[in-house]
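Chain by chain, the residues run as shown.
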Amino acid sequence: MDRAGKLHLTMSEPQPQRLTTHPGWLRATHWLNALAVLVMVTSGWRIYDASPLFSFLEFPNAITLGGWLGGALLWHFAGMWLLFANGVFYLIMGIVTGRFRRQLFPLRPVQIWRDLVAAIRGQLSHDDLTKYNAVQKLAYVVAIIDLVVIVLSGLVVFKPVQFPLLRTVMGGYEGARIVHFACMAILVAFVLVHVVMAAAVPRTILAMIRGR
Amino acid sequence: MNRKDIVRDALREMPRRSRRLFLQRSLSLGGLSLLTGCSVVNEDKAEDLLRHVSRFNDRFQAWLFDPNKLAPTYPESMITRPFPFNAFYSREDAPTVDAESYRLEVSGLVMDKHAWTLRELNELPQTSQVTRHICVEGWSAIGKWGGVPFATFLKRIGADLTARYVGFKCADDYYQSIDMPTALHSQTLLTLTYDGKTLPREYGFPMKLRMPTKLGYKNPKHITALFVTNTNPGGYWEDQGYNWFGGS
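Protein chains in written order, with numbering that gives the first Met the number 0: chain A, 0 to 211; chain B, 0 to 247.
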């Protein structure tokens, strides 16, 4: 990781084929997180359907996990351990190795705007997968924060009595339900864009599997 | 009183429809094969694993449970009106219990096993609280329940407070059980009134157990018998897959 970091700081000409774009811990946590999110979102939809927050929105049973409320709850409260443990490990590694600082920051509005315009015009370069463009950085930072908030709001929905401070922050039990739902919506939107972008540049999928 | 007997009794008494559902449900964690489009994952194994995690979650919640932490209370102006009816049957099918002939049977690890009349229960020291009822489905509603702190009652009957569980049998064939620390929580009420009036039939006449530290399905209504035990008696929904601890 350090190697990759130093390399693209010191080398003027990137050699993407030779570099390890994604270290092993990142690839492992990425795919485990993908599995956890799939389980949590699809079982969460089934739980949502038991008492929908919005009268106009119900999730078709065919795209939910669990078969019935009780089954969905079993999946959800098992999946939470994977999401949590994997997420904590990822955050610790991201901070300790300096990868977050190196890859995701600094994040300046001007760059985001510039890269967003370039992206819309199809002018973004994907030659060097070790470097993220500013829109990409923003998306990853939002996804990370979103996942942290989804866990915290979920904790309040799960244990409103045991976490009084967190409960107050989330606007009470009912507030936490809405925060939890909104985070799910943001996460699903992220995943959709993320999957489309990855499919558009298939090398990125290879990189997330092989590391380069 | 062991778990097998209770499950057998309950199954016998369960209406035929819910019995059918019980079987369907225990076989249907089928969403996974719907997702993958094939049976890559052996469903029995997946269900086994999930139930193991659920039992682990019971222990995790017991560890997390703080007997001194109180559920939030609310002003009476915030009471949800009308308070929703909720059961595994419709409102019309709520059992009618005769107040005069009602007896609360007490058994298990207790000194005093005499059956309580409703009058005797009403003569115990009473308190009331406005708390939020949270359903496992996600919705919640605020209500006002009054009655005898369950800890007071358990001490009165000389219950073994070191025992692990308190089990309940109900006039609507529901059955339920809770952990002793929650039974002794100061907000756990042997409930006799709702909103200042005698507990109505649809909310569990003549007596329910109200615990703002647990989800709705853990709060049994129309209780006719309770027992203190060290063997987990399970519960109506728990035996179909809901988490047993069900704490908030």
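The set of hints was computed from the structure by calculation and includes no laboratory data. All residues carry an ideal CB built from backbone N, CA and C; glycine is no exception. Do not take every clue at face value.
What the hints assert, rightly or not - Distance condition first, Cα-Cα at most 20 angstroms in a straight line; then the derived SDA-like pairs of lysine to any residue:
id: 1; chain 1: A; residue 1: 158; chain 2: B; residue 2: 55
id: 2; chain 1: B; residue 1: 68; chain 2: A; residue 2: 182
id: 3; chain 1: B; residue 1: 68; chain 2: A; residue 2: 168
id: 4; chain 1: A; residue 1: 158; chain 2: A; residue 2: 182
id: 5; chain 1: B; residue 1: 44; chain 2: A; residue 2: 81
id: 6; chain 1: B; residue 1: 143; chain 2: A; residue 2: 81
id: 7; chain 1: A; residue 1: 158; chain 2: B; residue 2: 141
id: 8; chain 1: B; residue 1: 68; chain 2: A; residue 2: 81
id: 9; chain 1: A; residue 1: 158; chain 2: B; residue 2: 241
id: 10; chain 1: B; residue 1: 68; chain 2: A; residue 2: 95
id: 11; chain 1: A; residue 1: 158; chain 2: B; residue 2: 129
id: 12; chain 1: A; residue 1: 158; chain 2: B; residue 2: 44
id: 13; chain 1: A; residue 1: 130; chain 2: A; residue 2: 201
id: 14; chain 1: A; residue 1: 158; chain 2: B; residue 2: 156
id: 15; chain 1: A; residue 1: 158; chain 2: B; residue 2: 186
id: 16; chain 1: B; residue 1: 68; chain 2: A; residue 2: 172
id: 17; chain 1: A; residue 1: 130; chain 2: A; residue 2: 158
id: 18; chain 1: B; residue 1: 68; chain 2: B; residue 2: 215
id: 19; chain 1: A; residue 1: 136; chain 2: A; residue 2: 95
Claimed, not checked - Stretch by stretch, here's where chain B covers chain A in the computed footprint (C-beta under 8 angstroms, at least three residues):
id: 20; stretch: 68–74
id: 21; stretch: 152–163
The hints, checked one at a time:
1. In summary, the hint linking residue 158/A to residue 55/B is supported, as the alpha carbons are separated by about 16 angstroms, within the 20 angstroms threshold.
2. Between residue 68/B and residue 182/A, the direct Cα distance comes to roughly 28 angstroms. Violation of the 20 angstroms bound is thereby established for this hinted pair.
3. Simply put, residue 68/B and residue 168/A have alpha-carbon atoms about 17 angstroms apart, close enough for the 20 angstroms limit, and the pair holds.
4. Taking the CA atoms of residue 158/A and residue 182/A, the gap is about 18 angstroms. The hint holds against a cut of 20 angstroms.
5. Between residue 44/B and residue 81/A, the direct Cα distance comes to roughly 18 angstroms. Compliance with the 20 angstroms bound is thereby established for this hinted pair.
6. Our distance criterion of 20 angstroms between C-alpha atoms is broken by residue 143/B and residue 81/A, whose separation comes to about 39 angstroms.
7. In summary, the hint linking residue 158/A to residue 141/B is supported, as the alpha carbons are separated by about 17 angstroms, within the 20 angstroms threshold.
8. Distance hint between residue 68/B and residue 81/A is unfulfilled; the C-alpha atoms sit about 28 angstroms from each other, more than 20 angstroms.
9. Among the hinted pairs, residue 158/A with residue 241/B is consistent with the structure: their alpha-carbon atoms are about 16 angstroms apart, no more than 20 angstroms.
10. A threshold of 20 angstroms between alpha carbons decides the hint, and for residue 68/B with residue 95/A the separation of about 36 angstroms lies outside it, so the pair is violated.
11. Simply put, residue 158/A and residue 129/B have alpha-carbon atoms about 19 angstroms apart, close enough for the 20 angstroms limit, and the pair holds.
12. This hinted pair does not check out: residue 158/A and residue 44/B have alpha carbons roughly 29 angstroms apart, beyond 20 angstroms.
13. A threshold of 20 angstroms between alpha carbons decides the hint, and for residue 130/A with residue 201/A the separation of about 16 angstroms falls inside it, so the pair holds.
14. In summary, the hint linking residue 158/A to residue 156/B is not supported, as the alpha carbons are separated by about 31 angstroms, beyond the 20 angstroms threshold.
15. Using a Cα cut-off of 20 angstroms, the hinted pair residue 158/A and residue 186/B holds, with the two alpha carbons roughly 16 angstroms apart.
16. Using a Cα cut-off of 20 angstroms, the hinted pair residue 68/B and residue 172/A holds, with the two alpha carbons roughly 16 angstroms apart.
17. Of the supplied pair hints, the one linking residue 130/A and residue 158/A is violated, its CA atoms being roughly 40 angstroms apart against a limit of 20 angstroms.
18. With a C-alpha separation of about 18 angstroms, the suggested pair residue 68/B and residue 215/B falls inside the 20 angstroms cut-off, and the hint holds.
19. Pair hint residue 136/A plus residue 95/A holds up; C-alpha atoms about 19 angstroms apart against a cutoff of 20 angstroms.
20. Counting residues of the stretch 68–74 of chain A whose C-beta sits closer than 8 angstroms to any C-beta of chain B gives 7, which meets the bar of three, so the coverage hint holds.
21. Taking a C-beta to C-beta cut-off of 8 angstroms, the stretch 152–163 of chain A contributes 6 residues in contact with chain B, enough for the three needed, and the coverage statement holds.
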